[in-house]
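Sequence order for the protein chains is C and W. If you count the first sequence from 1, position 118 lands on 118 in my numbering, and the numbers rise without skipping. Remember, my numbering sits 126 above the position in the second sequence when you count from 1.
Don't read these hints as lab results, they were simulated from the structure. Here a beta-carbon is modelled for each residue, glycine too, at the ideal position from N, C-alpha and C. Please note that the accuracy of each hint is not assured.
[Stated by the list, open to error] Under the rule of at most 30 Å between Cα atoms (straight-line distance), these lysine-lysine pairs were calculated in the DSS-like manner:
1) W:147 / C:97
2) C:97 / W:483
3) W:483 / C:73
4) W:147 / W:233
5) C:109 / W:384
6) W:395 / C:109
[Claimed, not checked] Which chain W residues stay away from chain C? Per the calculated CB distances, all over 10 Å, these:
7) 307
8) 355
9) 416
10) 436
Here is what each chain is made of, one letter per residue.
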Amino acid sequence: MKILVVDDEHDIQLLFEQRFRKEIRSGIMSFAFAFSGEDALRYLDAHPQEAVLILSDINMPGMSGLELLGEIKEHHYLPPPIVLMITAYGDEENYNKAMGLGADDFLTKPLDFGLLKEKLKTIGHV
Amino acid sequence: MHLDAPLLAMFVCRYMVRLAKNKQIDASWENFFQVRFYVSLGLLAAAAVFGNFSWIASWATLAFNAYLVWQLYQTPAFKPQRWLVWAATPYLVVSFIVLFFSTFFSKWYNQWDDYFGTVQLCALAWAFFMWLYSRNQRKTQELEQKKLLEKEEAFRMSEKMKEELEVQVAQRTEDLERRKAELEHALAELKATQAQLIQSEKMASLGELTAGIAHEIQNPLNFVTNFSDVSAELVDEMIGELDSHHPEEARLIAADIKSNLDKILHHGKRADGIVKGMLQHSRNSSGQAEPTDINQLADEYLRLAYHGLRAKDKTFNATMQTSFEADLPPVKVVPQDIGRVVLNLITNAFHAVTEKKKTEQENGRTFDPAISVATRKEQDNLFITVSDNGDGIPPAVIDKIFQPFFTTKPTGQGTGLGLSLSYDIVKAHGGDLKVESTPGNGARFIIRLPYNTAK
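Only chain W is shown next, with the shape it has when bound in the complex:
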């Protein structure tokens, strides 16, 4: 009980000053405790100077310490520092008792001096351990608080990000919906255009057919008019024979008239069939599948394609070979659709040989264009083959020829849909459309149609 009491006061004051500097308590307390620090420094000096006989300084120090503890205890702002009170109080009580006895019963006190010293040391140790304990506690607390703060910060950040994200999502959603509406509109337009293109492709192939059809109708009509005309003459002649009583002659003429009437009927039906075929070709709705004689269909469209091209290019000619398997069983197809495919392939073949003839003639060589159409049955499949001896298809484009809008013709001359539509039609019949070509040696298109379409 000499230097420890003022040191304790110094420690407390210094501690509080530091808290004030660190803003853990209000900064206004800094000066307050700084002053008290100097007071305790003075008390320490006094204790050092007056030594063991400085009981006045000791009482003053004790009073000062009690005052400091009281100050800490009664100020609500120092609640977190309350541990100082609990740490110092035992020491202060012990110090008071020690000082009291050493001052007023010094004889008796000196006898029990060691015990008092021990108790006082214990109180000091208590204070020291309280300080250690509170420091640990504070550190964990600080750590926890820091963690809490970090958590709060993280939460705040995540909230902020969430808000930002929500704004972004709303924006994106709006964007996407607008984009979706635009795309739907574009899709609808594309579908309409596609339908229009398919129709115009049909009309284009009808255009190719028109000249052929005109020629095909012209021939039977010529026969109809000529046979009618000649029959009228024959009737006059027959009447003449009857008048001159030659019934045998009349009978012969009558037989001729009858055969002429058969011819008129035949050619009338022929023209009728052509007109019907043309109507079927241009019809928009898809027709019904029905058992069809493919040989007849191929022959019919071969003639139409040929005459169609002839009408456009009078100099054109080509050898047409047909190799139709006899007694080919009818296959169930939509005749105008398969007809369109055959027409398209034959027209392409004609174009190919025409091109080759042109280039060969420019180079002073002769070239005999040839197209052949063949049919055959193999197991459960019917094959229609359209071959030409043109320049063939370059390997670079052979993979593209069935793609929509692919065309080698100049802009405006082909829709690029012919082969694509043909491919789709054959696929829809459960078959397939293949191409073989050796460059320079022509191309061969093979349509496969299954007899058993159920599978």
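Chain C with its partners taken away, still in its complex shape:
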């Protein structure tokens, strides 16, 4: 399962690679990283046919996570990627907006990696 992580914090890459090192080593999951919404769209356009699960931060300079979500859902990538939104502001408004735009799930920072792993495994098995 290919997972694209979108966050403006570069160290998120190292953290994910360590947190998911077993899954990466065993080949269950592979990760790609984008450090802005624009980066993420470029990646999706370059790899259109990859079955992708997207984990995106909402709060980023430039294109926000919500805008990215809107773009993805509008572009009708095939197959449609699963999008999980993450935010530091775990508020109703962002949640409703993300869900309204068609997000598949909503997570709040700080990330509970145990929970995230469970979610990813469930999605991967479906």
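Go by the hints and put chain W onto chain C.
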């Protein structure tokens, strides 16, 4: 010596009556001289009727004249009229001699008649000239007296005015002193209020920062907890590898742990820096000028402002462009003060683009808010430029934006001191703060900081 003697008496009596009427001598003398005037009138008639043979009338007239002169001479109240005595006496003496000889030695007298007549005329002329002289004298005297009186009056008036003025001055002085005390009190209150306002402006901008700071601290803290947590897992794994005698694997894991510890240190320091910056921002005393990396400072406050606004308005977003000149030499400034200026300008820029986005969306148009912060060095100056693509500043208010308490925000939402304080801070650094704006096309604030602050 026929009609002249009674005429002289009439003249004197009339003169004295007039003086009495004019109150130049006591009024009680009026009747006295009026009676004597009629007597002299009778004597004149007698002289006219009896002609040359009226020696009795002549003696009576002479006696009457002598009596009048004596009266004038011996009354102290008539001292100012004493000249009459000196005018009349020669005439009276001459008249007496003439009368004496004409009465008792008429033959001899008739022989020398012309001489006696001449002498008598001279005496009369003397009297007439005395009268003329005294009249002149009196007139000058009167004039002088009048002048003196006028002077006295003027002096009295000026004294009175002086007194009035002194009273007024005392009153005014009292008024002014009371006013001065009131103003001093008001000034002291204003100064206290100003100090309070400046502090509250700092606190208000701290409030704007708080959400940004919380977000900025949250991220490094997340990294610290996550990297610590994952490192603990790695240690367990490493022990497992060692137990199963895979030292190479263990070594690789150890390298990962080491890099994680570096990350923990890095993010710990990052959080520390943010907290320190916040403390510096809220500190009341003015800080020390020190060589400062303006690029780093601008970047830091740009992030703080951005996250601060995001925390308040979750829908907000803007493209942030930074164009920092590489290898910018550090400039000597008070970092938290210049930071406050940059924060204020960026916050204003964010507000401007948010407003524009709101109105554009209401009109069904799309709008991409953009903020840019640029730094550059030009000759001996460092320029920090904060631009936005908002609605700009109306020409009507552009001259007022640096004035204290000027604000376009609704009451209670802005102190109106942000730009005014920013202006003062930049001025205190020897630089200046300028604004360029084309209505509808955004605003651009330019901070100039001189490298050579000594001048």
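Evaluated hints:
| no. | hint | in the structure |
| --- | --- | --- |
| 1 | W:147 / C:97 | violated, 119 Å |
| 2 | C:97 / W:483 | holds, 18 Å |
| 3 | W:483 / C:73 | holds, 23 Å |
| 4 | W:147 / W:233 | violated, 47 Å |
| 5 | C:109 / W:384 | holds, 25 Å |
| 6 | W:395 / C:109 | holds, 20 Å |
| 7 | 307 | holds, 55 Å |
| 8 | 355 | violated, 8 Å |
| 9 | 416 | holds, 29 Å |
| 10 | 436 | violated, 6 Å |
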